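Participant: These are the residues of each chain, in order.
Number of protein chains: 2
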Amino acid sequence: MSIEIIKGFPSTSDNDYQLNIITFLKSAANTYPDVEVVSKNIDGSIFRYNYYEAFQRVKKLANALVKLGVKPGDRVGIADWNTHCFFELYFAISGIGAVALELNPRISKIDRTYVINHAEAKFIFAAETLLPIIEPIADDLNTVQSYVVITDKKSRDLKTSLAPVKSYEDILAQESADYKFPMVDETSAFAACYTSGTTGKPKGVFVSHRAMYLHTIMISGMFKMGLDDVIMQTVPMFHAQGWGVFLCAPLVGAKLVFSGMYTAETTQSLVDLMVSEKVTVNNGAPAIYMPMLEQIRSLSEKPAFSNLRMFSGATEPPLAMMKGYDELAGNIIHAYGATETTPLVTVNLLKPQLRDLSEDEKWELRKKQGLPVTGVEMKVINEAGADVPHDGETVGELLIKGPWITTTYYNDSRSADSFTNGYWKSGDAATIDKNGYIKINDRFKDLIKSGGEWISSIDLENSIMAHEGVLEATVTGLAHPKWEERPLALVKLRENFIGKVTKQEILDFISPNFAKWQLPDDIVFVDDIPKTSVGKFSKKTIRKEYKDFYTGK
Amino acid sequence: MSIEIIKGFPSTSDNDYQLNIITFLKSAANTYPDVEVVSKNIDGSIFRYNYYEAFQRVKKLANALVKLGVKPGDRVGIADWNTHCFFELYFAISGIGAVALELNPRISKIDRTYVINHAEAKFIFAAETLLPIIEPIADDLNTVQSYVVITDKKSRDLKTSLAPVKSYEDILAQESADYKFPMVDETSAFAACYTSGTTGKPKGVFVSHRAMYLHTIMISGMFKMGLDDVIMQTVPMFHAQGWGVFLCAPLVGAKLVFSGMYTAETTQSLVDLMVSEKVTVNNGAPAIYMPMLEQIRSLSEKPAFSNLRMFSGATEPPLAMMKGYDELAGNIIHAYGATETTPLVTVNLLKPQLRDLSEDEKWELRKKQGLPVTGVEMKVINEAGADVPHDGETVGELLIKGPWITTTYYNDSRSADSFTNGYWKSGDAATIDKNGYIKINDRFKDLIKSGGEWISSIDLENSIMAHEGVLEATVTGLAHPKWEERPLALVKLRENFIGKVTKQEILDFISPNFAKWQLPDDIVFVDDIPKTSVGKFSKKTIRKEYKDFYTGK
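Those sequence lines, one after another, are chains A and B. Plus 156 on top of the position in the first sequence (first one is 1) and you've got my numbering. Plus 156 on top of the position in the second sequence (first one is 1) and you've got my numbering.
One or more hints might be untrue.
If chains are identical, the list can't say which one is meant, so a pair holds when it fits in one copy or spans any two.
With a Cα cut of at most 25 angstroms, we get these calculated DSS-like pairs of lysine-lysine [stated by the list, open to error]:
| # | residue 1 | residue 2 |
| --- | --- | --- |
| 1 | Lys-336 | Lys-581 |
| 2 | Lys-310 | Lys-223 |
| 3 | Lys-590 | Lys-336 |
| 4 | Lys-601 | Lys-581 |
| 5 | Lys-672 | Lys-507 |
| 6 | Lys-227 | Lys-458 |
| 7 | Lys-523 | Lys-380 |
| 8 | Lys-309 | Lys-605 |
| 9 | Lys-507 | Lys-380 |
| 10 | Lys-638 | Lys-322 |
| 11 | Lys-357 | Lys-458 |
| 12 | Lys-227 | Lys-479 |
| 13 | Lys-692 | Lys-458 |
| 14 | Lys-380 | Lys-434 |
| 15 | Lys-581 | Lys-692 |
| 16 | Lys-434 | Lys-687 |
| 17 | Lys-380 | Lys-518 |
I should point out that these hints are in silico values taken from the structure, not numbers from a laboratory. All values derive from a computational prediction rather than experimental measurement.
All chains, full assembly: derive it from the sequences and hints.
Facilitator: Below is the structure:
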């Protein structure tokens, strides 16, 4: 359904000037040429250059892409960690009018093959360390014409089964930095990211230049990023364009730090970077921030963070974590979004009128997803399609619409299920409180339906995680012969608590917060909780593994 | 000349969702409904409501406009001071797809008649106190169908020769707040502002919704405006949309304060508002900020301003003024723009790498116009069209281009002289220093050409104004029989210095900064320096009045 657009009186403004993402880097190269861009290499060493040099390399890369045969509209796959090369690829590929296709190294081979074939990518750029995720599927890639390995080795020294193949630094070295970027129609795709649902194949979101441009300036403003910041890109850039945070840095002229390769087990390298580069802005998820907090705590010297803001997404930030950062380092600022929303659509900022809340009330508030970003229309509706009251209690589905929101999946018959009247149906169960703060209670599919009542798995999880002995916890609804579903908690204890904390102790600890029927029927202590490719708890896997847990008894 | 736009691959983003200014108020009404909007009435009393109530009234106003006969594309003139009614009119007029035509009360009757006729305005809204600027020209307005007086009197009680005429509060009172704003094509004009050149008739700039939207979000970010701010609109809203600052407030959810009616002689009311409303962001020009500083100094109790930022435009902020605010109240932040640029295109922010400059060097830096706003292309070129070196010394003309820059004047054959290759030719003589800071040395037409060399009138003016006895000073180039032009300084002394400061004392005071041939040939002490409608020194008037000053000798 399309909305009628009224014509007014013609303006004299330069409305044909297209919103192109390359503008941010070009501006930074002109206005902030000396500002540093820092990137952690695989070997742990640090690469440094500045915006002027970055733009020179991006222009060389643009020439190299053209020589490689990349044409406007082509999809170019990228498999890389958070590096300056990924940064260069985003700008050069989109700058010449092609599309940067984000390849998530954590999805299955089958899904990765599907994504590349569905997007009909003609070229793939892969970090040398990520060749093992591309080589085994190369024979099944229907449209790929050639490969580039992101490495400083010579093309002839590459050891890979991919062909034809070239080396990134090799193709750059041969080019001049003389390139004039065209003006690309702003409705054209800047990047493509496939979102993995709980079932079925990943779905393609193709974000336009216009959407990404608007998102970037809106977000950098709402977070008050400025030229005095040092911005670290920690959210993977293959995941919803890393929230576009690495684009905010050249926009505002801030120093930019790329986290390189890391896992939840190697977050010490992130802490080291934050300290050595004097980071003031970071983005990530509790799964990463929690171990980092422990590591910051164990630093021999208390780090001198200044005006540090840690943007936190994915799941609700645990209270203990927020308080820990507050004491030690800086603010955790909760934000919310999804691949379909470019992604950020809410940010948790404190309204001045709420300054007088008690400390406890403020912490409760700070856990919420926050306030809508201006320009985005959000509503929470009940099953009849009516807005729920702003009482902070009534749950409905969150629907989102606006200039940087997706209106369809690319070439996907499932789109009809996810979009309605221009709104994206988030599938998130949300409330809005009287002050306008949105809280995601759960994914609808993660709510537990017990005896006709809903139980929030997130509330249970957060309560359990507040226990000092608990490192991670997740609660899943499992089929139950009597109640339809009943909650099961999986708990990973901190090392020095293993064997010392009992199920009953945890139940006693959380029971003041819940009705008796809302408590998990059982708690299982595990070594590891299964996670998805983007680090969220994988309830799909848990449901499968524990399928008969209650029914089999 | 139009630039080729390359088509890439289609995106899945909602690119048809138009950037409409009403979005800001609609969002504020939803997300920040309780946040106050404060407006100073003519009688000195204070009007208060909030964003929710403002939006209700704007919807009523939209209904009233439709009933009045306003159609999409119509131009609707507004003659008002900075009030909540002007605020409402901007949103309601543009919201229904019509154009808010800004009527500057300070231009001549002939020019005002020209503006209204040239824009073919069909409706005029005028504050009751501004009827004297409309009534005398009503017979000469060719297209105006009806008038609305901004007052809370009943229509039948209005005393005016205008007809047909209604009262603002009367037409609102009859309407319901049930109105659904259409989506307006974003390239349509949001507002029209005529810029008065030094010669000839005013020239029409019709700013699009898109341009204003982009300008507003970019500026609010660069100035780090947020929901914890209290933003005061002091720049007249009939002058380049008041820099769009009143639009930033609903965008970020900040409290908004309208300054009401004031002149350079009644700035005490602005100081009172700043103190009583706890303003954190203000915008204005040195002509207003200077007397305000004196008034802040004379307050019996030192005001508790917190994080106050005073955005200052028009002319270079005098050092003494900046230092005065720095000690007493807050930062003066110099910004630059013009009606043709929506308006702000540079902001003076301190790059972190310059933190180690000496105090004096920092003050020198802060006087400059600043760094380009990202997204805007600016260049300084010599007469051959080549970029001047970034040495802070070589002067060229500043050219500006970008998504919120004007590319032509509305229906005006003079456009060809002011635009080239998509750039607006600012007519400003500028330098760029090695750190990228732009400094406007002068208008080309204000540079003084003496014996084949250029003398900067601005540098002379600022040096003279640094003298403790000087309140205002302007330097103009006058025809000279031998040197082509020679500078003349007009000086207005502070009251307690009148008769005590001599010409020679001022010449001695400034001579260390200039070559001997650059010094003014004469200094005239005056009671008042002629000013333009927007408060700048009127060199046009001075040149006329003192035409024979050097040649007649």
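Participant: Hints first: check each against the structure and report whether it holds.
Facilitator: Checked hints:
Taking the shortest alpha-carbon separations for Lys-336 and Lys-581, only the inter-copy value of 23 angstroms comes in at or below 25 angstroms, while the best intra-copy value is 40 angstroms. Proximity of Lys-310 and Lys-223 under a CA criterion of 25 angstroms is satisfied intra-copy only: 18 angstroms inside one chain copy versus 73 angstroms between copies. In this homomeric assembly, Lys-590 and Lys-336 come within 25 angstroms of each other (Cα to Cα) only across copies, at 24 angstroms, whereas the closest approach inside a single copy is 51 angstroms. When the C-alpha separation of Lys-601 and Lys-581 is checked against a cutoff of 25 angstroms, the pair qualifies only within one copy, where the shortest distance is 13 angstroms, while the shortest distance between copies is 59 angstroms.
Proximity of Lys-672 to Lys-507 under the C-alpha cut-off of 25 angstroms is found in neither arrangement, the shortest distances being 35 angstroms within a copy and 58 angstroms between copies. In the homo-oligomer, the alpha carbons of Lys-227 and Lys-458 never lie at most 25 angstroms apart, since the shortest distance is 51 angstroms inside one protomer and 64 angstroms across protomers. When the C-alpha separation of Lys-523 and Lys-380 is checked against a cutoff of 25 angstroms, the pair qualifies both within a copy, at 20 angstroms, and between copies, at 24 angstroms. In this assembly of identical chains, Lys-309 and Lys-605 lie within 25 angstroms of each other by CA distance neither inside one copy nor across copies; the values are 56 angstroms within and 61 angstroms between.
In this homomeric assembly, Lys-507 and Lys-380 come within 25 angstroms of each other (Cα to Cα) both inside a single copy, at 15 angstroms, and across copies, at 16 angstroms. Taking the shortest Cα distances, Lys-638 and Lys-322 never come within 25 angstroms of each other, neither inside one copy (61 angstroms) nor across copies (71 angstroms). Proximity of Lys-357 to Lys-458 under the C-alpha cut-off of 25 angstroms is found in neither arrangement, the shortest distances being 46 angstroms within a copy and 66 angstroms between copies. Taking CA atoms no more than 25 angstroms apart as the test, Lys-227 paired with Lys-479 passes in neither setting, with 50 angstroms inside one copy and 56 angstroms between copies.
Taking the shortest alpha-carbon separations for Lys-692 and Lys-458, neither the intra-copy value of 30 angstroms nor the inter-copy value of 53 angstroms comes in at or below 25 angstroms. Proximity of Lys-380 and Lys-434 under a CA criterion of 25 angstroms is satisfied in both settings, with 17 angstroms inside one chain copy and 21 angstroms between copies. Taking the shortest Cα distances, Lys-581 and Lys-692 sit within 25 angstroms of each other inside one copy (20 angstroms), while across copies they are farther apart (54 angstroms). Taking the closest pair of Cα atoms, Lys-434 and Lys-687 never come within 25 angstroms of each other, the shortest separation being 31 angstroms inside a single copy and 49 angstroms across copies.
Taking the shortest alpha-carbon separations for Lys-380 and Lys-518, both the intra-copy value of 21 angstroms and the inter-copy value of 23 angstroms come in at or below 25 angstroms.
The structure is inconsistent with the numbered hints 5, 6, 8, 10, 11, 12, 13, 16, although it conforms to all the rest.
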